[in-house]
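In the order they appear, the protein sequences are chains X and B.
For the first sequence, counting from 1, position 37 maps to 249 in the working numbering; every step adds exactly one.
For the second sequence, counting from 1, position 242 maps to 292 in the working numbering; every step adds exactly one.
Worth flagging that the hints you see were computed from the coordinates, not collected in a lab.
Treat the hints with care, as some may be off.
Unchecked claim - Partial list, derived from the structure: chain B residues whose beta carbon lies under 8 Å from chain X: (1) Leu66; (2) Val133; (3) Phe135; (4) Arg292.
Note that the structure is predicted; figures quoted are calculated from it, not measured.
We treat Cβ as the ideally placed atom computed from N, Cα and C, and that holds for glycine.
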Amino acid sequence: MRNDTAQELDPLGGITARLFAIGAVAVALVVAYSMSVITMEQTDNVGFEIAALAAITASGAFYIRAVSPFRAPFPRAAHAVVCLLALLAVVLESAAQWGTNTVVRDDWAPIALAILTLTFGSWRPGWEILACTVVCALVIGGLAFVQAATFAADVPALVFAVLPATPVLATGAAASAFSRSLVDTLLAWRSEATRSVASAPDAHSAVPSKASHLVHLDEQVYPFLERVAREPELTEADGERARILARELRTLLVIDAERSWLSRIVRDTDDRHRFADRMSEAERGYIRALVAHLRGSDAFDDQRMRLALHGSEWEATCTIVVPCRAAHNPRVQLAPYVAVGRSVFGMVAWNLSHDNLLTITLTFDPDANDERDL
Amino acid sequence: MSLVFPNALAAKTTSLALAKGSFWFGMVCISAVVISLTAIQVDRGQVRALPALLALAVLAALGVIVASRLGTRPPVIAASAVVAFLAIGAYAAMLLPNLRPIDSSDAIFLSLPKIAIVVFGMVVARQFTGIASIVVAFFLGEIPVVAVSLSVGHGYAFDVPAFSCFAALVLIITLLKVSRRRTRASEPGLSQASVDDRVATEEARAEHVSSAMVHDTILNELAVVGTVAPGALSEGAKTQIRRSLAVRRLVSVRSSDATAVVLGGDLAAAVEQARGLGLEVSVAGEVGAVESLHPRVSVALSLAVLQCLANVAAHAGTSAVELTVVATDTEVCVMVIDSGVGFVVSELHHDRLGLRQSVRARIDAVGGSVQVWSSPGAGTAVSMLVPRS
Numbered sequence: 213m214r215n216d217t218a219q220e221l222d223p224l225g226g227i228t229a230r231l232f233a234i235g236a237v238a239v240a241l242v243v244a245y246s247m248s249v250i251t252m253e254q255t256d257n258v259g260f261e262i263a264a265l266a267a268i269t270a271s272g273a274f275y276i277r278a279v280s281p282f283r284a285p286f287p288r289a290a291h292a293v294v295c296l297l298a299l300l301a302v303v304l305e306s307a308a309q310w311g312t313n314t315v316v317r318d319d320w321a322p323i324a325l326a327i328l329t330l331t332f333g334s335w336r337p338g339w340e341i342l343a344c345t346v347v348c349a350l351v352i353g354g355l356a357f358v359q360a361a362t363f364a365a366d367v368p369a370l371v372f373a374v375l376p377a378t379p380v381l382a383t384g385a386a387a388s389a390f391s392r393s394l395v396d397t398l399l400a401w402r403s404e405a406t407r408s409v410a411s412a413p414d415a416h417s418a419v420p421s422k423a424s425h426l427v428h429l430d431e432q433v434y435p436f437l438e439r440v441a442r443e444p445e446l447t448e449a450d451g452e453r454a455r456i457l458a459r460e461l462r463t464l465l466v467i468d469a470e471r472s473w474l475s476r477i478v479r480d481t482d483d484r485h486r487f488a489d490r491m492s493e494a495e496r497g498y499i500r501a502l503v504a505h506l507r508g509s510d511a512f513d514d515q516r517m518r519l520a521l522h523g524s525e526w527e528a529t530c531t532i533v534v535p536c537r538a539a540h541n542p543r544v545q546l547a548p549y550v551a552v553g554r555s556v557f558g559m560v561a562w563n564l565s566h567d568n569l570l571t572i573t574l575t576f577d578p579d580a581n582d583e584r585d586l
Numbered sequence: 051m052s053l054v055f056p057n058a059l060a061a062k063t064t065s066l067a068l069a070k071g072s073f074w075f076g077m078v079c080i081s082a083v084v085i086s087l088t089a090i091q092v093d094r095g096q097v098r099a100l101p102a103l104l105a106l107a108v109l110a111a112l113g114v115i116v117a118s119r120l121g122t123r124p125p126v127i128a129a130s131a132v133v134a135f136l137a138i139g140a141y142a143a144m145l146l147p148n149l150r151p152i153d154s155s156d157a158i159f160l161s162l163p164k165i166a167i168v169v170f171g172m173v174v175a176r177q178f179t180g181i182a183s184i185v186v187a188f189f190l191g192e193i194p195v196v197a198v199s200l201s202v203g204h205g206y207a208f209d210v211p212a213f214s215c216f217a218a219l220v221l222i223i224t225l226l227k228v229s230r231r232r233t234r235a236s237e238p239g240l241s242q243a244s245v246d247d248r249v250a251t252e253e254a255r256a257e258h259v260s261s262a263m264v265h266d267t268i269l270n271e272l273a274v275v276g277t278v279a280p281g282a283l284s285e286g287a288k289t290q291i292r293r294s295l296a297v298r299r300l301v302s303v304r305s306s307d308a309t310a311v312v313l314g315g316d317l318a319a320a321v322e323q324a325r326g327l328g329l330e331v332s333v334a335g336e337v338g339a340v341e342s343l344h345p346r347v348s349v350a351l352s353l354a355v356l357q358c359l360a361n362v363a364a365h366a367g368t369s370a371v372e373l374t375v376v377a378t379d380t381e382v383c384v385m386v387i388d389s390g391v392g393f394v395v396s397e398l399h400h401d402r403l404g405l406r407q408s409v410r411a412r413i414d415a416v417g418g419s420v421q422v423w424s425s426p427g428a429g430t431a432v433s434m435l436v437p438r439s
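Modelling step: build the complete structure from the supplied sequences, incorporating the hints.
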């Protein structure tokens, strides 16, 4: 069974999906509260009915909290909690109407559960949604089956079991197929994208080098050596000049070798143990994107941005500190970057201090990447 | 590879996934009615459910057709719409006389097939994006059922579940377009960062190659000019300077091959040059395996070996050095071993560019790895492992 989820493969899609999760919770709660009022004459125990409404409300609230981009990805345990709370609402609603439920079609809890299930496709693998759906359908169908005698319609008990379970079965099957389709496409894209990067022509010859030692070579060293090769004799001054040029060239070569890719994009970078060189391609790309975003946004004072990398052989952290301008809300600005960051790094944390200093901490395993190509 | 899924593909991918989900939604709705009607047929022998079941089978078949490749052709979609219109009408005509008088056009057995038709409209929408196909599908299901219900005296009732499904699908399509623009606004920046990183990685690699090249050639020439006595420079030294200056013309190539042109790029040439420096180099092992390497790897390995031998000549305090080649099916390992003065590896100064750039960076750049073992008084061993393919 494949455990990939669409949210992990496309974190930005998860942010779009969150709007639908919020919408689904809102609709489910409107259905629950309005139908509980409309069908009040079928309710025998108001206490159970209130408890059922509390359970579906808790399920919806927990769901919205769990699908926040700042908590991505949505885990299996959260999926189970949302389903169990909604299923508890189903059981409590049945208990509230036990013996007095005349119409199975207007039971709100199975419908509310079905509405929530419809949006699970963006968060969880298809098989997991399907398994959860079958369990929910069995509970809903089983409860209706044992209450069959009280229903007004004159049909076999099996029909009462099938019809109330149909909404959750339909939405569960739809969400499962939606998840499988998205994951298949995203994996195919990843595989194709990886292949096209691997087969891209070698860029060695196309990239102009900006190293300072090259400038020194062009302006000082080459003209000197060309003159030496032309002249019939070497002077004392030539020997001295050669020693100075060698010393300068060696120093510039060392400086160029010491500069990491990170210190080239943020001048104020403290990375004395060269953890930046041990990041993966995805981690490097993410930090480039985040720094570019912080630079391009009016919300941050990028001139005072600082980066520091610390850690051990097993765990390293990259801390980005940037002042936030008072008029802006960094949470809105950061949401997509935190969501994507959580799919790239072991941990992403952010904090806005009382003096509006934004600190983003990215944790990674420096030994996880074999590539040491910088 | 990009960190995030490109926006250009996101809309189409979501549309396709929604279509697949909708197909199964519709099939479950039809299956639920089929199971229920079959249960009623089994329980009440006098009810004639078979014609209604056949009509449902036609609706399910239409779902399969519109979800298949055929469903992307306008004539097939139009024909499916006509058949769906007739099938749901026939189904309602067969079913309604068997229902209670209070059951109207919103009865659950009618509602579920209508919902199936609406969601099959969503399947069609994957091709002809927009809400038009869902609107058409909704009325395709609703009009015949209401007409039959009115004609057989069961009256009309607003079908809340069917309309809710229709409204939900319209809302999903509309919201997807609006929300995607906002939530995926960061995608271009994230994708561009991946491209920038790849370019920067290649740029850094080019700098390493250039550094190693300069270290192996120009720095040596400056050292020669800085140490010889004033007066006429030997013709041999002048020739070597001119050869090293040739690197300047080759600098745009930025590869080990450029240095190879100046220094010679095979293991035998490296050994010969080292012998020219006064070293006694003994070679052992499967030297021929080096010839099986990719030319780029072979040149990088040979130049790295040459730098190791130059280090022995300059720092080891011994003229004896062993060069051993060990090959497996996938890798070639070359070891340069001397019994000279040695050094503490962890205390190696960061400005020792020979080992850092001309050996380690070169071997890293071709996907290999370097290990150095040394201790004061016990000599030094440098192992360079490179891939064979």
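Status of the hint placing Phe135(B) at chain X (closest C-beta pair under 8 Å): violated (22 Å)
Verify the interface restraint on Arg292(B): the C-beta must sit less than 8 Å from at least one C-beta of chain X. For Arg292(B), the interface hint holds, since the closest Cβ of chain X sits about 5 Å away, which is under 8 Å.
Per the CB criterion, is Val133(B) less than 8 Å away from chain X? Violated: closest Cβ of chain X sits about 22 Å from Val133(B), beyond 8 Å.
Would the stated hint for Leu66(B) survive a check requiring a Cβ distance to chain X of less than 8 Å? holds (6 Å)
When each numbered hint is compared with the structure, violations occur for hints 2, 3.
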